[in-house]
Amino acid sequence: MKNKLLALRDVALLRLEQLDLEAWRVEYLGKKGELATVLRGMATLSAEERPVIGLVANEVRADLEEAFVARKAELDSRQAALREQAETIDVTLAGRTPYLGAEHPLRKVIRRIEDIFIGFGFTVEDGPEVELDRYNFEALNLPKDHPARDMQDTFYLTEEILLRTHTSPVQARTLERRCPETPIRIVVPGRVYRRDDDDATHSHAFMQIEALVVDHGIRMSDLKGILLQFARDLFGADQEIRLRPSFFPFTEPSAEMDIRCIYCHGDGCSTCKHTGWIEILGCGMVHPHVLEAGGYDTSSLTGFAIGMGVERIAMLSYQVEDIRQFYLNDVRLLEQFATLTR
Amino acid sequence: MKITWNWLSQYVDLQGLTPEQVAEDLTNAGIPVEYLAPVATGIENVVVGHVKSANQHPNADRLRVCTVAVGAAEDLTIVCGAANVAAGQRVPVALAGARLPQGPIGKSTLRGVASEGMICSASELGLDVRLLPKDQTTGIFVLPADAPVGESIVEYLELSDMVMELELTPNRSDCLSLRGVAYEVAALYSRKVSMQAPQLRTPPQAERPLKVEIATDRCMAYAGQVVSGLSLRPAPLWMQMRLLAVGVRPINNIVDITNYVMFEWGQPLHAFDYDAIAGGHIIVRDAQREEALVTLDGQARALEPAMTVIADPEKALGLAGVMGGESSEVTANTRAVVIESALFDPLQTRRTGKRLQLRSEAGMRFEKGIDPAATLPALARAVELLCAYGGGAIASGPRLAGAALADANTRHDAVRQVAVRADRATAVLGFTVDIEQILSVCERLQFAAREENGTVLVDVPSRRPDIRIEEDLIEEIARLIGYDHIPATMIAGSLTAGGLSNEQQLTRVATDHLIALGMQQVVTYSFVTPAVAERTRLQPDDELRRMIPLLHPLSEERSVLRTMMLPSLLEVAEYNVNRRQLDLRLFEIGTVYLPESLPLQKQPTERRVIAGLLIGQAQAPSPLSESRSIDFFDVKGMVESLLKRIGVDAAAQYTRSMAPFLHGGQAADITAAGSPIGVIGKLRQEVCANFGIDLTDAFYFELSVEALLPLIRERLHVVELPRFPGTLRDLALVVNRALPVSELLTAVRSVAGPLLDDVRVFDVYTGEHVGIEEKSVALRLSFRSRERTLTDEDLQKPIAAVLDAVTIAYGASLRG
Ligand SMILES: [Zn+2]
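Chains as they are written, first to last, in my numbering: chain U, 127 to 468; chain L, 195 to 1010.
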């Protein structure tokens, strides 16, 4: 009997690769299969023989089952391989890319600058573009016929209503609305208008960002501190700045801020006209007349204001040569900004 | 404002300084030097020559063969082609081996005669010929007869003098004179200004009577003096060269002297032909209505009472501070002049200049304000120069009128006292400023100052009208100590949380979402042409036609403020379509300007609008998928996704739109919670064509930010997830084709009872299996209970209710 079992195993293993796997299983391991048939003969065995043969029989069954599993795995994997081969694609073909949108570069710059000032604790304020002469000029220490009004040729809609020439009227409005509240820390992005013919560096409409701080004990050194941090956030951690005296009717003292040229790092190039510095923005301590117009007490309160042109920063940052590019909205140019995370 | 280095050095000690250094320091002190360069460069070996003879060239009609002495042992033979060359002239001669701005000069042979150099024209020397008189530019540059033969032309014409152009801020009108710049440079380097103010002189006997009178409040001071015995000729060459260098055209000795003194002192002067002034009587008065004057430029001007004129008892002689009159112009026959040095009202000068579109160096100075302390010295200086270079003699005493000159002879420099506190300066600047430093700054500025109880009282001279309050002096202190001295500190005071308003936040989220959906943000101008009303087919009574006009537009194309975003986006689309960019997904969150009425009475409402324009393919092209044009539902899907993303809770309703620019069958007004929030649809072909977009379908949507804001959820309460499974039932309902699916859904929701969790359309079928007027709408209803698993029995009632309702309301039947 033992020999019979062993012979059965050898034949079965031999035929494993010849038969269909399921047919093989039925033939050898099935309830009516050969192994079962042999085992049915166990009943004729003696009590001494029975456990010995049982052991052999279990061994044979285990071997066959093992062989079955191995064979099945082999066949499965062969089949999978065939299927995958049939399903093979050219992975070098481009994917189905969804359309990629992009933020407009001017909006990108505005958001970046807003975020820097939000980080400093400033809130973002808006104001009307169609403004009253009073807020655009008079409250900002620019009375009628002030020669400095010439600096800003204005689009008037009526004698008293105009398109704002800067974002500074939002300073005047905020002071008037929030007086006597302190501290004031606002940043104001927005569109402004000047009666300039459009050319590579001028646009009749452009964007400004303005920042204003009013509080007890605000110093010009605080202005410099904020500007330094701002310049480093925007242009890099080792950015240097310098302040030069300047004039704005609504600040006193006033300054222009230059940054170290971001292209030549100070060695001199055509962008910085070989000075190593690039003018970025105007700023200064809020003129007492502006604070007074807002109702604030100038003996105990001071403040500073910062104003910059968004296009100028965008032109510098992205090396755009012509301001009109921003308003032509050629999608071939705009699409390039999809690739910029900041 | 241009100056030259040599000219400046006449008034302030520049020893040991270089123009480059001074330019840099001025820039850092708030007087930016925009330009610094020699009068002319690249000139070597050019000397003053004396033309001894000029004879006809034997072989060429147009050439002359000249013998020229150049201070060397041998005279040179030079062939010259200029028509104006003549024996006896002094001329610039480029020697063999000389260098001119255009290049080197060698020996050459011209038509058989060897030329040992070249006689130069003004342009060959690099001079600005636009400012030179014609006879000096058409041929060679003829020098005065006393020009020293053999002297280097660079020395003689001061061509190596450095020209500096200052870009002055409007407050620094004091630097519109060499005097002002001299004080500024003196302050930078703690030097003294050496500028003598000549005294006005009265001749022993006045040969020519002169009377001046002010009969208007628009003239604060008027001083005049007669100089006679003048002969009109060119001004000395050095004076011409300086005027040329600062951009003023040399004309004759009298005019040049008035200009020269204006640059020196900042006080504009005018010379009248004395003989043209009736009775030697000058009256400054307002112009009369319909008074006429022919100005120096030959133009007949109609005057208005708002203008101020210089007149004699009979007629107007000139426009005060703006331009003289032709009748009193200095001519070759002029022998005596009245020199006018006056203070005119800046506003009237400005307005008159603007009105007549006359801008001049003089007018610009009057507009910015003149130092009254310069009025009399400037007059005296001009008289002095006319005597020296015009052959003139003083022929009247100085005649003064006006309050500003009342005590002119005693108080030369009117002052304003301004106080500055050391502690205030420290508090404003952020670094310690003490009394000593303030006094030192005042000394550098040559302001008299003294301390009183921690306050410095400063006598600010009238030459610095920009300094009026303490902060102005604090700026002077910071400026002269140097802005570099200001440390960088952090703001003290309470912490504030920065952030965005709800509207700003909404705008940002909407921007990001639309970009994520593949849309390109654009930024367009707010000015449009009024023709957009027609192009977008607005009805005659449409409120959107009320576009605010600019008073002085730059062009018709940009002459009104937009009332809708559509034209702006179409303009961008047209630009791109013309460049073969045919897949466009543009959006802008822009502003429209809606006036209450026109003409404008008050500020308009500025409304922020999210607007999008889509053209082209629904998906980016790929070899893997078939291309399909974008359609209404692509765009609607974007809008729905946007509304969901920004947290609009209320379900938006889409009802057929009558917007004049949209397709009659593919357009919807969008409302939510009962209020209109926007519009969406396909643009009418005609509207696209009006904007030059012919070949393609375009879709447009706009949403009002103002309308969305109140609809936006402020909080999110998470809905507990269901513990029991839901049950689905599909119903295919055959209804009339025209029935909006949204109505069917509303009806289902209203009758299906509390167990209905959701209902959506999963298929809409039209075709052979339903009637021509019908469609089959397949609905998937999802039922769910929070308490238990639902049985078939639970669903019988709601399903029956739904079927009853849609059958009664819409005649719907179940599709078999
Ligand atoms: Zn550079």
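Hints may be right or wrong, so weigh each one.
As a list, the in silico DSS-like pairs of lysine-lysine whose alpha-carbon atoms are at most 27 Å apart [claimed, not checked]:
1. L:K246 <-> L:K196
2. U:K270 <-> L:K796
3. U:K234 <-> L:K196
4. U:K270 <-> L:K991
5. U:K234 <-> U:K198
6. L:K991 <-> L:K969
7. U:K270 <-> U:K234
8. L:K969 <-> L:K830
9. U:K399 <-> L:K991
10. U:K198 <-> U:K157
Label-pair ranges, simulated between beta-carbon atoms [to be verified]:
11. L:D998 <-> U:L466: 19 to 29 Å
12. L:P854 <-> U:C390: 41 to 51 Å
13. U:T284 <-> L:E820: 53 to 63 Å
Treat the hints as calculated values from the structure; they're not laboratory data.
Beta carbons are placed, not taken as given, at the ideal position from N, Cα and C, and that holds for glycine.
Cross-check of the supplied hints:
1. For the given pair, K246 of chain L sits about 38 Å from K196 of chain L by alpha-carbon distance, which is inconsistent with the 27 Å threshold.
2. Proximity of K270 of chain U to K796 of chain L is assessed by CA-CA distance (about 20 Å); at most 27 Å being required, the pair is judged to hold.
3. Restraint check for K234 of chain U and K196 of chain L: the C-alpha separation of about 41 Å exceeds 27 Å, so the hint is violated.
4. A threshold of 27 Å between alpha carbons decides the hint, and for K270 of chain U with K991 of chain L the separation of about 79 Å lies outside it, so the pair is violated.
5. For the proposed pair K234 of chain U and K198 of chain U, the alpha carbon gap of about 60 Å is over 27 Å, so the pair is violated.
6. Of the pairs offered as hints, the one joining K991 of chain L and K969 of chain L holds, with about 26 Å between alpha carbons and a cut-off of 27 Å not exceeded.
7. Distance restraint check for K270 of chain U and K234 of chain U: the Cα-Cα separation of roughly 36 Å exceeds the 27 Å cut-off, and the hinted pair is therefore not satisfied.
8. Distance restraint check for K969 of chain L and K830 of chain L: the Cα-Cα separation of roughly 22 Å lies within the 27 Å cut-off, and the hinted pair is therefore satisfied.
9. Between K399 of chain U and K991 of chain L, the direct Cα distance comes to roughly 83 Å. Violation of the 27 Å bound is thereby established for this hinted pair.
10. Distance restraint check for K198 of chain U and K157 of chain U: the Cα-Cα separation of roughly 19 Å lies within the 27 Å cut-off, and the hinted pair is therefore satisfied.
11. Hint check: D998 of chain L to L466 of chain U, Cβ distance near 59 Å, so the stated range 19 to 29 Å is violated.
12. Distance hint check for P854 of chain L and C390 of chain U: the Cβ-Cβ separation is about 56 Å, which falls outside the suggested range of 41 to 51 Å.
13. Roughly 57 Å separates the CB atoms of T284 of chain U and E820 of chain L, a value that falls within the hinted 53 to 63 Å.
In summary, the structure is inconsistent with hints 1, 3, 4, 5, 7, 9, 11, 12 from the numbered list given earlier, while agreeing with the others.
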